[in-house]
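Residue numbers (the working numbering), protein chains in the order written: chain A, 29 to 240; chain B, 29 to 240.
If you're looking for bench data, these hints aren't it; they were derived computationally from the structure. Among the clues, some could well be false.
Partner residues aside, some chain B positions facing chain A, computed with beta carbon under 7 angstroms [unchecked claim]: (1) Pro41; (2) His110; (3) Ala155.
Okay, derived cross-link-like pairs now, EDC-like style, lysine to aspartate or glutamate, Cα gap no bigger than 20 angstroms in a straight line [unchecked claim]: (4) A:Lys111 - B:Glu222; (5) B:Lys226 - A:Glu182; (6) A:Lys234 - B:Asp107; (7) B:Lys226 - A:Glu136; (8) B:Lys234 - A:Asp212; (9) A:Lys234 - B:Glu99; (10) A:Lys131 - B:Glu222; (11) A:Lys226 - B:Asp146; (12) B:Lys34 - A:Glu222; (13) B:Lys234 - A:Glu99; (14) A:Lys226 - B:Glu136; (15) A:Lys150 - B:Asp146; (16) A:Lys208 - B:Glu62; (17) A:Lys151 - B:Asp146.
None of the values given here were measured: they were computed from a predicted structure. Here a beta-carbon is modelled for each residue, glycine too, at the ideal position from N, C-alpha and C.
Protein chains: 2
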Amino acid sequence: MNKISKAVVSRLPRYYRYLDELRVQKIERISSKELSQMMNVTASQIRQDLNNFGGFGQQGYGYNVQYLYDEIGKLLGLDVCHKMVIVGAGNLGQAIANYGNFKNRGFEITALFDSNPDLIGKKTLNAEIMDIKYLYDYVKANNVEIVALTLPKEPARKIAEQLVECGVKAFWNFAHTDLKFSNDIIVENVHLSESLMKLTYRISEKNNNIES
Amino acid sequence: MNKISKAVVSRLPRYYRYLDELRVQKIERISSKELSQMMNVTASQIRQDLNNFGGFGQQGYGYNVQYLYDEIGKLLGLDVCHKMVIVGAGNLGQAIANYGNFKNRGFEITALFDSNPDLIGKKTLNAEIMDIKYLYDYVKANNVEIVALTLPKEPARKIAEQLVECGVKAFWNFAHTDLKFSNDIIVENVHLSESLMKLTYRISEKNNNIES
Numbered sequence: 029m030n031k032i033s034k035a036v037v038s039r040l041p042r043y044y045r046y047l048d049e050l051r052v053q054k055i056e057r058i059s060s061k062e063l064s065q066m067m068n069v070t071a072s073q074i075r076q077d078l079n080n081f082g083g084f085g086q087q088g089y090g091y092n093v094q095y096l097y098d099e100i101g102k103l104l105g106l107d108v109c110h111k112m113v114i115v116g117a118g119n120l121g122q123a124i125a126n127y128g129n130f131k132n133r134g135f136e137i138t139a140l141f142d143s144n145p146d147l148i149g150k151k152t153l154n155a156e157i158m159d160i161k162y163l164y165d166y167v168k169a170n171n172v173e174i175v176a177l178t179l180p181k182e183p184a185r186k187i188a189e190q191l192v193e194c195g196v197k198a199f200w201n202f203a204h205t206d207l208k209f210s211n212d213i214i215v216e217n218v219h220l221s222e223s224l225m226k227l228t229y230r231i232s233e234k235n236n237n238i239e240s
Numbered sequence: 029m030n031k032i033s034k035a036v037v038s039r040l041p042r043y044y045r046y047l048d049e050l051r052v053q054k055i056e057r058i059s060s061k062e063l064s065q066m067m068n069v070t071a072s073q074i075r076q077d078l079n080n081f082g083g084f085g086q087q088g089y090g091y092n093v094q095y096l097y098d099e100i101g102k103l104l105g106l107d108v109c110h111k112m113v114i115v116g117a118g119n120l121g122q123a124i125a126n127y128g129n130f131k132n133r134g135f136e137i138t139a140l141f142d143s144n145p146d147l148i149g150k151k152t153l154n155a156e157i158m159d160i161k162y163l164y165d166y167v168k169a170n171n172v173e174i175v176a177l178t179l180p181k182e183p184a185r186k187i188a189e190q191l192v193e194c195g196v197k198a199f200w201n202f203a204h205t206d207l208k209f210s211n212d213i214i215v216e217n218v219h220l221s222e223s224l225m226k227l228t229y230r231i232s233e234k235n236n237n238i239e240s
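The following block holds chain A by itself, in its conformation from the complex (with noise of 0.2 angstroms):
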């Protein structure tokens, strides 16, 4: 397969989400045109992206929901399970621990770690809030493969390097901070606080624009 550009990656979750709800409404069919006025992207974008895996639509038919759905859950890796640890058992930790849907998409959270003796034995929906100090042994004895980082920035860097070593291939990091690694190491950052100055910048882009 051809290295997909970025853009048309980041379009396939929503893709995804999007036949979910009309699988869940028993659709069985749709057109790109149809798709394309639902998700407000035009059906030349629809076919185009879909097209850089090979199509799946048949002119005159559409698309077959189901099927769709199911070989673009291929595409994004869930037809996989993958094991996931949370470092970092505050709220965000334990808001990504409790969210139930995960497991039906092909991830599983099966531990969570902190130092906080308050929060050590606590359960989640999906896993158990263990000692960070088992983190490391944790992880090789488990082939864990994805770390997601829900701390503070500054044990964010040193833990995931550790890690690393431990044969974790992927984070998904909520700390704020970059994470530098060889391009081997696959990093998603979740920058929450750089959402939200998008999102002032928007407004006073509009303020401006109003005063102007």
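Since the structure of chain A is provided, determine the placement of chain B on it from the hints.
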């Protein structure tokens, strides 16, 4: 000011974060080359991005860190205080409310709202959790500018629509749905499970490349 491209806007918060770190380290000036090495982008990209706003730099001197930090802060609308409330006081809502840095960055979280009686009355770092039945009156009475939606998708859409009627102009949307409003209403989405899917896409892309 001309309309700035989304790509440039999306990079501003990251400049702001790095400049903040330099500022904390008492570094007074920095060249685009040094900044580019820290941030792992090209120096020409930095110069181009900042030229959209009139430059800020001086040839042979580079950038004054504090000045550039302040100016980008103004661009991001952080020089004025934005009143925000959070609807949905579960773990995610509380995580946001307890993030202490928001107040220093121009955001004031004045209340959280939930329908769960076990949560109502509980205090977070910055605000108290109130009964959701007071939400609309509160928003109208307090000139709330931004509403963070940290609740399931089913109630989110309906509540957001009513909030728009109460004068809310901007949503920071964590609900797993797209809010559809006129262009006048600003929506910044944080779809956490979509971010996680981008991560697993990259994992399977890497695995496929190794196999093929």
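Verification of the supplied hints:
{"no.": "1", "hint": "Pro41", "verdict": "holds (4 angstroms)"}
{"no.": "2", "hint": "His110", "verdict": "holds (6 angstroms)"}
{"no.": "3", "hint": "Ala155", "verdict": "violated (14 angstroms)"}
{"no.": "4", "hint": "A:Lys111 - B:Glu222", "verdict": "holds (17 angstroms)"}
{"no.": "5", "hint": "B:Lys226 - A:Glu182", "verdict": "violated (25 angstroms)"}
{"no.": "6", "hint": "A:Lys234 - B:Asp107", "verdict": "holds (15 angstroms)"}
{"no.": "7", "hint": "B:Lys226 - A:Glu136", "verdict": "holds (16 angstroms)"}
{"no.": "8", "hint": "B:Lys234 - A:Asp212", "verdict": "holds (9 angstroms)"}
{"no.": "9", "hint": "A:Lys234 - B:Glu99", "verdict": "holds (18 angstroms)"}
{"no.": "10", "hint": "A:Lys131 - B:Glu222", "verdict": "holds (14 angstroms)"}
{"no.": "11", "hint": "A:Lys226 - B:Asp146", "verdict": "violated (33 angstroms)"}
{"no.": "12", "hint": "B:Lys34 - A:Glu222", "verdict": "holds (13 angstroms)"}
{"no.": "13", "hint": "B:Lys234 - A:Glu99", "verdict": "holds (18 angstroms)"}
{"no.": "14", "hint": "A:Lys226 - B:Glu136", "verdict": "holds (16 angstroms)"}
{"no.": "15", "hint": "A:Lys150 - B:Asp146", "verdict": "holds (18 angstroms)"}
{"no.": "16", "hint": "A:Lys208 - B:Glu62", "verdict": "holds (16 angstroms)"}
{"no.": "17", "hint": "A:Lys151 - B:Asp146", "verdict": "holds (18 angstroms)"}
Comparing the model with each earlier hint shows violations of hints 3, 5, 11; every other hint is respected.
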